[in-house]
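Peer 1: Sequence:
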Amino acid sequence: MSVIKNSAINWVNDLDKVDSGGRQVLMKKQAQILVVDDDKNILELLKGLLGLSGYCCTTAPDAETALNLLKITRFSVMLTDVAMPGMNGIELTRKASLAHPEMPIIVMTGFVDKYTSDESIKAGAADFIAKPFSITEIKARIERLAQRL
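Taking our numbering, I'd label the letters of the sequence shown as residues 10 to 158.
Errors might be hidden in some of the hints.
For lysine to any residue, the following SDA-like pairs were computed, each having C-alpha atoms within a straight-line distance of at most 25 Å [as the list claims (entries may be wrong)]:
1) K80 to D122
2) K148 to D47
3) K80 to Q156
4) K148 to S106
5) K49 to D71
6) K131 to N97
7) K56 to A155
8) K131 to D71
9) K80 to E111
10) K123 to Q156
Cβ-Cβ distance ranges computed for the label pairs, FRET-style [to be verified]:
11) G95 to T125: 20 to 26 Å
12) L107 to P141: 26 to 32 Å
13) P110 to A149: 32 to 38 Å
Everything labelled a hint here was simulated from the structure, so no lab data went into it.
Cβ atoms here follow ideal geometry from the backbone N, Cα and C, with glycine treated the same way.
Build the full structure now, drawing on both the sequences and the hints.
Peer 2: This is the structure:
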């Protein structure tokens, strides 16, 4: 119990650091992942699995929430679904990559025939992954991109 409490205190202490743009910078050594998907089950699954793998994972149920989070926190990697109500993941990728060109983005979709990897890459994505995917595959892709930072 004290290990969890001490980790939480250390994490909270790291939250007071900000970058030159005024965004909160999470200073832990592990990658800070933003996962955007309108499917609550996917968000919970990825947050849990990535957390068990040592990542700090923040979730957003839609593109607007993700854009607001990107204004206040610097993330190492963003993982976004394509098909979401309102702004889709391709448009989110375009906006996020313009605002944060240093942040790699992985686009994921279950509609590979409708959305192509070329479209995602043109929007600014560093990678594209089809659903369903294995946690081993997504972890490997995140690790590869996070190591560039």
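Peer 1: Run every hint past the structure and note whether it holds.
Peer 2: Quick rundown of the hints versus the structure:
A C-alpha spacing of about 32 Å is found between K80 and D122, which places the hinted pair above 25 Å, so the restraint is violated. Distance restraint check for K148 and D47: the Cα-Cα separation of roughly 21 Å lies within the 25 Å cut-off, and the hinted pair is therefore satisfied. At most 25 Å may separate the alpha-carbon atoms for a hinted pair to count; K80 and Q156 meet this at roughly 23 Å. Among the hinted pairs, K148 with S106 is consistent with the structure: their alpha-carbon atoms are about 21 Å apart, no more than 25 Å.
A threshold of 25 Å between alpha carbons decides the hint, and for K49 with D71 the separation of about 10 Å falls inside it, so the pair holds. Among the hinted pairs, K131 with N97 is consistent with the structure: their alpha-carbon atoms are about 15 Å apart, no more than 25 Å. In summary, the hint linking K56 to A155 is supported, as the alpha carbons are separated by about 17 Å, within the 25 Å threshold. Using a Cα cut-off of 25 Å, the hinted pair K131 and D71 holds, with the two alpha carbons roughly 21 Å apart.
A threshold of 25 Å between alpha carbons decides the hint, and for K80 with E111 the separation of about 14 Å falls inside it, so the pair holds. For the given pair, K123 sits about 31 Å from Q156 by alpha-carbon distance, which is inconsistent with the 25 Å threshold. The supplied range of 20 to 26 Å is met by G95 and T125, whose beta-carbon atoms lie about 21 Å from each other. Distance hint check: the CB atoms of L107 and P141 are about 30 Å apart, consistent with the given range 26 to 32 Å.
Roughly 23 Å separates the CB atoms of P110 and A149, a value that falls outside the hinted 32 to 38 Å.
Hint violations for this structure: numbers 1, 10, 13, all remaining hints satisfied.
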